[in-house]
Each structure stands twice: as C-alpha cells, then as structure tokens.
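With chain A fixed as given, assemble chains B, C and D onto it according to the hints.
Chains as they are written, first to last, in our numbering: chain A, 1 to 350; chain B, 1 to 350; chain C, 1 to 350; chain D, 1 to 350.
To be clear, the hints were calculated from the coordinates, so they are not data collected in a lab. Keep in mind that a hint or two might mislead.
One copy or two, it doesn't matter: identical chains are merged, so the pair holds either way.
List of simulated lysine to any residue pairs, SDA-like, C-alpha gap at most 25 Å [unchecked claim]:
#1 44 - 25
#2 252 - 169
#3 44 - 98
#4 201 - 286
#5 4 - 71
#6 4 - 274
#7 252 - 315
#8 201 - 288
#9 44 - 291
#10 252 - 69
#11 44 - 64
#12 201 - 184
#13 201 - 185
#14 44 - 292
#15 4 - 138
#16 44 - 68
#17 44 - 128
#18 252 - 316
If you're wondering where the values come from, they're calculated on a predicted model, not measured in any experiment.
Protein chains: 4
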Amino acid sequence: MSEKIQVAVLGATGVVGQRFVRRLAEHPWFQIAHLAASGRSAGKRYSEACEWRLDGEPYAGLGHCVLEDADPALAIAPVVFSALDTEVARELEPAYARAGALVFSNAAAFRMEEDVPLLVPEVNPEHLALLAGQRARRGWSGGILTNPNCTTTVLVLALAPLHAAFGVEAVLMTSMQAASGAGYPGVSSLDLMGNVIPFIKGEESKVEIETAKLLGRFRDGRVEDALLAVSALCHRVPVLDGHTEAVSVRLKGNPSPEQVREVLDAWRPEPQRLGLPSAPPVPIRLHEAENRPQVRRDVEQDAGMSIHVGRIRRCPVLGVKFSLLGHNTERGAAGGSVLNAELALSQGWV
Amino acid sequence: MSEKIQVAVLGATGVVGQRFVRRLAEHPWFQIAHLAASGRSAGKRYSEACEWRLDGEPYAGLGHCVLEDADPALAIAPVVFSALDTEVARELEPAYARAGALVFSNAAAFRMEEDVPLLVPEVNPEHLALLAGQRARRGWSGGILTNPNCTTTVLVLALAPLHAAFGVEAVLMTSMQAASGAGYPGVSSLDLMGNVIPFIKGEESKVEIETAKLLGRFRDGRVEDALLAVSALCHRVPVLDGHTEAVSVRLKGNPSPEQVREVLDAWRPEPQRLGLPSAPPVPIRLHEAENRPQVRRDVEQDAGMSIHVGRIRRCPVLGVKFSLLGHNTERGAAGGSVLNAELALSQGWV
Amino acid sequence: MSEKIQVAVLGATGVVGQRFVRRLAEHPWFQIAHLAASGRSAGKRYSEACEWRLDGEPYAGLGHCVLEDADPALAIAPVVFSALDTEVARELEPAYARAGALVFSNAAAFRMEEDVPLLVPEVNPEHLALLAGQRARRGWSGGILTNPNCTTTVLVLALAPLHAAFGVEAVLMTSMQAASGAGYPGVSSLDLMGNVIPFIKGEESKVEIETAKLLGRFRDGRVEDALLAVSALCHRVPVLDGHTEAVSVRLKGNPSPEQVREVLDAWRPEPQRLGLPSAPPVPIRLHEAENRPQVRRDVEQDAGMSIHVGRIRRCPVLGVKFSLLGHNTERGAAGGSVLNAELALSQGWV
Amino acid sequence: MSEKIQVAVLGATGVVGQRFVRRLAEHPWFQIAHLAASGRSAGKRYSEACEWRLDGEPYAGLGHCVLEDADPALAIAPVVFSALDTEVARELEPAYARAGALVFSNAAAFRMEEDVPLLVPEVNPEHLALLAGQRARRGWSGGILTNPNCTTTVLVLALAPLHAAFGVEAVLMTSMQAASGAGYPGVSSLDLMGNVIPFIKGEESKVEIETAKLLGRFRDGRVEDALLAVSALCHRVPVLDGHTEAVSVRLKGNPSPEQVREVLDAWRPEPQRLGLPSAPPVPIRLHEAENRPQVRRDVEQDAGMSIHVGRIRRCPVLGVKFSLLGHNTERGAAGGSVLNAELALSQGWV
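The shape of chain A in the complex, shown without the other chains:
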C-alpha cells in the first residue's frame, strides 16, 4: 500500500476513542487525519481535553493535536471510526455517511437496521455486501458498518466455527463482565468492589438478538437470522478488562468435546487467511490447563484480539460446555472496528 488512507476518530476523548487512537497511531494502512470530539472539547489540545486512561505512551504521542468538532463539514475522511455515544451517533453517523465517509461504528444506534452490516470479520465477512443496498436505498456515497456489543462479539467468535461445522441449535451463556464495559466513570467502586451485580441494562437482549443476526445467512441482498435459541445471563464482576463467559451449547449431531475442540483449533477464517494487520495469528486460543483461561492473566494476549477457550467438556443439559474469554474494549470495541475497516478495505469497499 503506497499511501496511507486518512481516517478520522469521532469521540476521541473517551476510553474507546483512546483505544482507537492507540491502535491507529502506528497503523500500517491508516493515518489519523482528524481527532474529533464534542463541541465542549473542540479547539483544545488532546492532552488537555481528557485524561489518558490507557497504558503506554500517553495520548499515543498525539497529545499536541487539536481536537476538532465532530462535524462532517469540517473533520471528514474516507474512513471514520466512531466511538460516539448511541444518542449522538444516531445523528452524526448518517451525516458522515451521506458526506461520503465509510463509518465504522462502535455504537448501538444502527446495529439492528436491516441494511447495516453488523460485522465480525471472522464470522460473517459476506454481510459486508449489505453496504451496496444501504447506499442505494439511502442515497449515501459512504455508509455505516457496525460491530456488535462486546459480549456478543466474544460469543459469536466461538460459535461461528461450531455453527459452520455442526449447526448450533441452542446456546446458554452466563457472562462475568469487566467494569470497563460500562465506560468511564461507569460503575462506582462502592457498587462493584467485593460484589457481583446480576444485571446490565439491555445487555441480555442485545446478545440474544445480535447473535442470531451475526450467524445469519446473506441471501438476496439481505440477512436471514439464524434459527437458534440464545439465552444470556449477564453479570458485572470486579474485573478491569475482559469478559468471561460460561457457555453451554446444543449442537446438531451432538459432537463430543474432542470434536468441538478440533473444530475450534482448526478454524482459520478470512482475516487470518488475508493476514489483516489487526487479525490475531489465530482467532481462538485454546487452553489446556484446567483453570484457564483467566481474565487477568490471559486477556491481553495478541493485543486483546484473540478469544480464549478452555475446559471444553460434556454438558449434562445441552451437550457441550466451555469457558470463554475475550477483551471487551479491544476485540469487543476499538480493535473490532479497526479490523472491520481492514476487511472492507481489502475487499475494495473503501
């Protein structure tokens, strides 16, 4: 790639925005042209507008950059990454798409629109094709592509190869989710320390609905939801980053844990075959130790882009159960969006 593609980051001051900036600061294909934020921050230097909340070099070396207003008339680029809140996204993202940008959004605003790809590159790359209809229908030269809720992302990465190999009939997933999933300041320390909160607003239905869409088939210009039963039971636990999920599945033909293990191990989907820059070497890291994966010890591997599976064993109720782990703010947010953009670029959509 001779010249890098200019990109803008919307909502650069938040935690997900910062993760976008850190990922894009040295990206081989993309170059940050605009850091945009709400009117309140516009005009300030990045280092003055927010506190840097990640490890490594503060502001990814871009602390001196001046934030711009998130306005498609001002801060635009062919590729736009959106870490906007849902309400703001609902307004701004279409404006950017209309102005010609391909918007890779981490917000929930358009995820469930029929003509908007809800994308995990390893899982449903063919859904990208929804973009043609989206442009035609809406008269946009750009477009909106979304990545799913972080909990869903981790789950479908484990389900996709099983769905392809056997067919998933039912899945029951209990999550133990990190504090960072709620953004910053997010969950009060008084609520979370030494506690388990058995409720995350809207989370269970998001997982149940998005999973069916992600595993659905693209046919005749639209996505048909997969027919499977999904039940999510979501919890917040005193963990900083990384969602742990306890998963039971009913698969067609009732394969053995060993067969499930082989399928997960052998899976090499498109991003790995294409060698996309943000794709981990393998999408699924399998663990043999009986007490792994553990979120604090494993989740940062592969810059948080692989998911982790361990303890694959018989489930007396549904057939097979296993432990699952993934990084909610990397794979489940900023990293997922960047990988979506890499896929779109490699397929000629940018």
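Chains B, C and D alone, transformed into the frame defined by chain A:
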C-alpha cells in the same frame, strides 16, 4: 426445653469451626461442652490456638476455653458438629458415631454413602429416616448426618419448591463463588484480585450428583435419585462471602416466570412450620429490583440463612431463568449443620 | 426524657443522609419529623427517591415517608441534621439557623468560621460555648454546629488525650481512605480497583487546619488554635468503609510507647461520663495483636463510633508512632453529628 | 561483548525466579546455562515443575529445560542469580561463592554482613569494592552481592540524590505494599480483599537499617552507615504489583520543593551514564499530575526499573513530602539483581 443438650465442635479452629462456635455459643437448645481440634492445638486456649476470623465478639466469648483432642474417648457429647477436613472426617466421624454421638458433618467424606442422610431441612427432611438403616447396618448407636456442598445447598433450596410444584427436568447453573468457600488461607490474593477463575476442583460434579440425591424420594428405606439433568459451571470471583448462581430451569408444563415466582414466594417448608431456632422466617427472599440480589448487600440478611432470588424471567433455551444467592459458610456450612441438628432433635432422633 | 425532640434531616437521600436516618429512626431522644431533599426529590416517597445503600432494613422502615423540600419555611424542627453538599449548605444552613433551628452540619461550608463550633464531643466540648457569640453576632435564634472532616475526626480522637497529657508538638499522618469518603457514586471502580490514588482534593489542608482548631483552647469567647505542626499525606485505597491512618507524633517530654498506651487506655471524656446514647463505651479501642487494627475486620465495632489504635511503638524520627482506624461515614459523619446534638442537648443548648 | 556470560538461576520456580528467567532469557550479556531448584523439582521440565505466573510467553520459552539440583558441584556458572528463600540461601550461597561464582542474591541472609555489598547501582556503586575484602577474609574466589528489601530499594533511589545534594537528616516513610511482595501464595485473599493490613513482619526494621547502610560511605575497606533517622510504617494493601510510599524528609538547609524537584530530575547516576542494559533511561520519573503516580497505571513503565515521584510539596513537620512508587518484584527484586550483575561486570568484577 428445660435443659440444654451438650454438644462438641470438632475442628473448632478453622473458619467453619468458628462459625459453629459463634452459632452455638448462645443457642437456645444446645450448649458447647467441648471444643476439639487436632493434636497440635489440643491443650491450648482457644484464643491462643487460632486467630478469630469473624466479626463480632472474638472467640464468641470462649477464648479462655481449653481445646481438647478430637477423640471420642475424651471429647464426646450426644450431638457433635464436625468442621473437620474430609480426610480426617473419614476416620473420626465413624468413631464418634460408634461411640454414640449424632455427628452433623460439614465434610464431604460420607455425603454420598447410601445410608447417610444428605440433608437440607427445608428440602428433604424425610431423608432423616435413613438413620435407622444406618444404625442397624453399621451397628452404631449414634450416626452421621451430612449437609451438602455449599453451592448445592443454595441451588436445591430454590429447586425444591419448583420440583414439588412442577417437576424439574433440567437445570443449568453457573456459579460465581466467594473466596471463603475455599477455607483459610484458601485462595491466594495474587490469584483472585481482579480475576475470575473458571474452575473449582470437584465442585461441578458435587453439585450435579448431590442435587439428584437431595431431590430424590425416600422409599423402602432408601433414597432414589431424582431424574433430572443438572449441569454446573463453577467460578471463583473476588467476593468474600456468598455464592451467586445464575440458574436456568426446564420445568414440566413450562410455567411462566410469574407462576414460578408465586411458588417460590408461597413456600413454607417444615423448618419454618416448626419454627426451628436457626430457620429464617422465610427460606427464600424474593427481590423485585432488577439489579438484585447482590452478594455484598444481601447475603448477610437473616444471619445468612435465607437464600435470595431475583430477576425471574423467560429463558429462551430452558424456559425460566433467575438470579440466586446464598451464604456459603452460614447456610452452606455451619448454619446448615446446626439447622440439621435442630430438625433431628425436633423429630426425636437425638 | 419524657418527650422526644423533633428533628429534620436535610439531604436524606444521599449516603450520609441515609446514615442519619438509620441512626435517628430509633433514637431514644430524637424523632424524625421531616425528611428533606432537593426540589427534584421533594414530593416523592423516600423509597422512590433513592436507592437504599446501607445494610439492614431498607430506608430504616421509613420508605413510605414523603420527602419535603429543604426549605426552613416548610420542613423545620428544633434540631436539624444536614447532609447537604457544601454549596447548598452555604445557603440553606444559615436560613435554618435564622429560623431558629440548631443545625448539626456535616458539610464543610462553615467549619472554619470563627464563631462556628467545629466539634468532636470527646475532644472539645467546651467549644460549644461559641454558640452564644454566634447567636449574638448573627442575630440567630438557632445556630450552626459542624463536625470536622472524617479524616480529622479520627485523628483528633487519638491526639486529644495525648495533647492533654503531654502536649503534641508535631504530628505526621498518612491516610489510607475508603471509597465511601467520596460519596456516591464517588470514585470510579476503574480508578480504584487494584490501585492507590495518592491524592484527595483539599483533604490534606483540611486535616492540617481543622486539627489545630479542634485542639485549640476556648478563651474569651473565641478559640485559639493549638500550636502544633500537622502534616497529612492522604490516599484513597480499595476499601469500602473506614479510614486507616499511620500516625507519628512528637510529644513533649518524649514519653514511651507504654506511657502513650496508658493515656489512651485511661481516657474517659465527657460523652462517656455523661453516657450519651451514641457514645461508644470507650472512645478508643486498643489492639494488642501486631497486625491490628484492620479496617475490614474492626471498623464496624461499636456501630462505628469508637476509634482503634494498635502497634504503639517508638518512632525513630518523631518519638512515637501507631496505627489508627476509624469509621469515616459513621464517627466521621452522621454518627459524629448525632453525638454533637446529644452533647448540645445534654448541656442545655437545645 | 563477543560471547555471552553463562549464568545460573537458583530458585527458578518461584515468582522472583520466574522474573529472573524472563529478564535473562534475552539478555544481551548473559545466557542462562542452568535453571536450578530444590531437590523436589530437580529432574522435571521447567513447565512441569511450576505454574508460570507472569505475563508474556510462558516460561520465557524455556519450558522444555530440565531443572537441576541447586548444588554448586552440578549447576554452576560464573554468575549466579539467587531467588532462594532466606534459610536455604544461608547455606547455599556461600557454597556457590566458595566454588567461584559471583552470587547476586535477592535473599535477606547476608544483606547486613559487614563485608557483603548491599547494592543499588544508582545509589552506592562504590560499595562493590567490599568484595575485595570479602574474598580475602573468607577465602572465596567468587563472592556474594545482595540487593536490599524491595521497599528500601524504592526509597533509597529517591533519597540518594537528595542525600548527595543536601544531606538527609530524617525520613519518615509510610508504605502501601503490593501482595506480590509476600511471594506466592503469600497473602490470603480473605485477609487482603477490601482491607489494609498495618503490619508486615520485619519490614520496618529492614527499611530503617538498610537505608543507613545504602547511603553510607565506603572508606578504608568498609562502609560507614549514614547518620540519619529513618522511620518506616509498613502496610499491605489490595494491589498486585508495586509499592506506593508516602515520604517526608528533613533535608539540610531546608530546600524548597522546587529545588528538590530539580535535583531529582537532573540525577543521572552511573548505570545511566554507563548505559547498562537493564538501567531505565532515567532512574526517576517525575509526575506533574496532582493525582499521580498511581501504582496500577504507572508501575510497569520502563519494565518496572524506574521509580516514580510526584506531588513534591512542603511538609509542615519535616520540610518536604512527596509520593513515591516503585516495582517491588522488578526493581525491588529480580531486575535489581540483574542490574547489580551488569554493574559488576562493567567494572571488571566478573
């Protein structure tokens, strides 16, 4: 009750032992006659032999008591509470039973023996009758009664009324268990802080096996296991006391969440009808707030003897799901054993 | 006391306000006549206006009470407890004092006013006399009395008997403060879990200034600050309730740790001599174990009203050092104010 | 350096041993020739003998290596790193020194011997010269060099430039120490979660004694302790890695915080001048933000080898106070020993 019944506590220095002592120090029916421990501690004052790890008055006011050797020839009483480790229990508890004591054991050593009651008074009081056969077969004048694993105890308290009202066909339970379940010193802070450990040795099979026994029917002098599929997925989380369980059940006739709620709410089993001293006013506390029960905020209610249920809702896979919470070292250990003894006494077995 | 005195609680929905309500719900001398809150909550039932954040009976049994507007024309009583934010307190508390109420305030707004008593009943009960001048100068029939910052309160309770017995020349105090000191939602779990924050806005200077006032002498109608050097180094740590303080003192005559211990042990100040209802049996609990006091294990003793001292030993720099612990939201906030009111009542000011 | 120097690691299975291995696996000057452990582990593969407890590649890629017995007749090399327990170190380290190895020890066994260098390369490189006398007196061809207690190491790195520039008369240090300082399994989660433990066995006296030795002057073949008063107040807090220290100092001439800041900022001691491979670019990272350094966010910078200072301000009692932070198991243990070896090598002692 004109005179209190003498009791002994075996393993009084450990955390469960201390909870026995605290519960028995002012018990209306029982009086501590012996505090027994391993040979290493025997002869020392209670306050010198161990560090008191509970809230409230240190050593429950018995710090001056001299510990005795856990030996049925020396420290015996009609009722014995055992907080011994499994290996030691395997040897000592039969010796006590042979010597005439009714041993209420918190250890796993004899839980799955056919003629040993595995007892939760609200759930299967009729299993006490196994004691007759146990005495006959083993030639003991005393006997051994056990309480189940803490995680099982909490689960069956929620399942029992549903099994009676509808019939439980399948249950899938994901636990988020407290550090205290592993005893002291138990889990290293380096393993647990900011982490989720997706494995507890032996725990899942205990829950799966014990649940079937507890919900089983006493007939012709023995217990027939209940026919239901049980799947447990057990985790350790950074919580001090109290196990949170995410439960999905398939019930006969597929009742609605509201019907399930009514059954749980109306349940008044034997300990409550008898007004046993350690029985909570109601066995199940139902929560209406969408983010309750929360372990740190709710688990100490009723001295840890009630369980908590909230968020009863449709499960797309099994029919109904809910949040469950109970105190692992009170209801699931010391308090459970004391309640067992109260039931046995009220039914004339002591 | 034949009839209870009517009281109002301002700011009843916050955490400190809830602690006021819990303490006053069954108080032998006081009866809650008004629960007041901001206009936003006024008119709602207490149980609807806020989430109850304490242990024990939700809303202290007053969930059905209707909140009133914090307005001296509406919700007034002879004794008023204020858990208002500083800015609101600055306006409302004088209005209440003018209207005849004796306002016991937990806010910082008037603490450092020359004619406002900053009061810890064990430490400086004679400062109550400032009230006469306050009324005269301001033309109020009521008045404002304040309790110090929570960290200061704990510190001066340990310093007061030493100052009386020896004279404190210098004190250096490093605090490890609980999350609850920052109110709710207060500190984000993302900032606090697994972390130490070496900064609490304004806290160090509050401790340094308030200590000198509290240990000062009442003479000729005013308080002369004590002449001593105070240095505070304040930290937030991942603890729920209770401030741990590491204290070194330079005392006149350089007494031994044993002499210090004897003075702390023998101290029986006015609230204990008077037997005020909220006064703990002894103000200072001395610990002998080398690893106590520990905040999670000790801070709730005496309903959080006593402070804890342990590890009294030589300090190579200042002479004597010790570990100190106290409850920030009980003794350091709601409980402290209630005890102030009890003292004022017992001395005829109400 | 044309050829790497062979080294052995004693106690390779523990947490500090693992950190030695990780640091040495790719070291530019050293090559691991032997991984040694207790007899119990000898003969096993490294990956079988212990669980890897660090981030990054498990066993630093040496999981296949066979552990040897820690016996100078078998597993010896010119440079030996010892992560042995104090009791074992007392026996084995002299045997290795006698056999010709230069032993860089993390154990406390020989730290306070008159002829054993207690070394922090930035602080007292000239103490290395003690080795000549040690060899002469003990008839060893090798020798023993130690690094101080982790808490001391962090403290003296901040004090050394101040002592050189002004002279330290007194220092009072309150520590908030991480769980990893107690080794593995170390502190029970039941003791540490949500708690502060105001006691660490032997820690305070180690800091007080070692600081005087480290800041002492090498003269006439021996080290004269520095004359300064040191007081340490040590606490364990719920943090994984990194010790936070609140420090107050009395300096000669009573310099201003700004002067102190300049001295710390300008300090470029020997390891930085020599460019030793494990030396951080600067020994002290100064923080400007009022709420930094924070252990969870800052301690891993420079692979844990720099210390962090912030909030330099007036202390009303001793003159100047500041926040200090350092990595206990890197700079305070394995990294410190490796840097010691690099210094010794660069000065021709190996």
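These are the hints, each one checked on the structure:
Taking the shortest Cα distances, residue 44 and residue 25 sit within 25 Å of each other inside one copy (19 Å), while across copies they are farther apart (45 Å). Taking the shortest alpha-carbon separations for residue 252 and residue 169, both the intra-copy value of 7 Å and the inter-copy value of 21 Å come in at or below 25 Å. Proximity of residue 44 and residue 98 under a CA criterion of 25 Å is satisfied in neither setting, with 27 Å inside one chain copy and 46 Å between copies. With identical chains, the CA atoms of residue 201 and residue 286 are at most 25 Å apart between copies only, with a shortest distance of 20 Å across copies and 31 Å within one.
In the homo-oligomer, the alpha carbons of residue 4 and residue 71 lie at most 25 Å apart inside one protomer (22 Å), although the nearest pairing across protomers, at 58 Å, exceeds that limit. In this homomeric assembly, residue 4 and residue 274 come within 25 Å of each other (Cα to Cα) only inside a single copy, at 18 Å, whereas the closest approach across copies is 40 Å. Proximity of residue 252 and residue 315 under a CA criterion of 25 Å is satisfied in both settings, with 14 Å inside one chain copy and 20 Å between copies. In this homomeric assembly, residue 201 and residue 288 come within 25 Å of each other (Cα to Cα) only across copies, at 15 Å, whereas the closest approach inside a single copy is 34 Å.
Proximity of residue 44 and residue 291 under a CA criterion of 25 Å is satisfied inter-copy only: 21 Å between copies versus 47 Å inside one chain copy. Proximity of residue 252 to residue 69 under the C-alpha cut-off of 25 Å is found in neither arrangement, the shortest distances being 51 Å within a copy and 53 Å between copies. Taking identical chains as interchangeable, the C-alpha atoms of residue 44 and residue 64 lie at most 25 Å apart only when both belong to the same chain, with a minimum of 9 Å there against 49 Å between chains. Proximity of residue 201 to residue 184 under the C-alpha cut-off of 25 Å is found in both arrangements, the shortest distances being 16 Å within a copy and 20 Å between copies.
Both within a single protomer and between protomers do residue 201 and residue 185 lie at most 25 Å apart by alpha-carbon distance, with minima of 16 Å and 17 Å respectively. Taking the closest pair of Cα atoms, residue 44 and residue 292 come within 25 Å of each other only across two copies (22 Å); inside a single copy the shortest separation is 44 Å, beyond that limit. Taking CA atoms no more than 25 Å apart as the test, residue 4 paired with residue 138 passes in neither setting, with 28 Å inside one copy and 66 Å between copies. Taking the closest pair of Cα atoms, residue 44 and residue 68 come within 25 Å of each other only inside a single copy of the chain (8 Å); across copies the shortest separation is 43 Å, beyond that limit.
For the homomeric pair residue 44 and residue 128, neither the shortest alpha-carbon distance inside one copy (36 Å) nor that between copies (50 Å) is at most 25 Å. In this homomeric assembly, residue 252 and residue 316 come within 25 Å of each other (Cα to Cα) both inside a single copy, at 15 Å, and across copies, at 18 Å.
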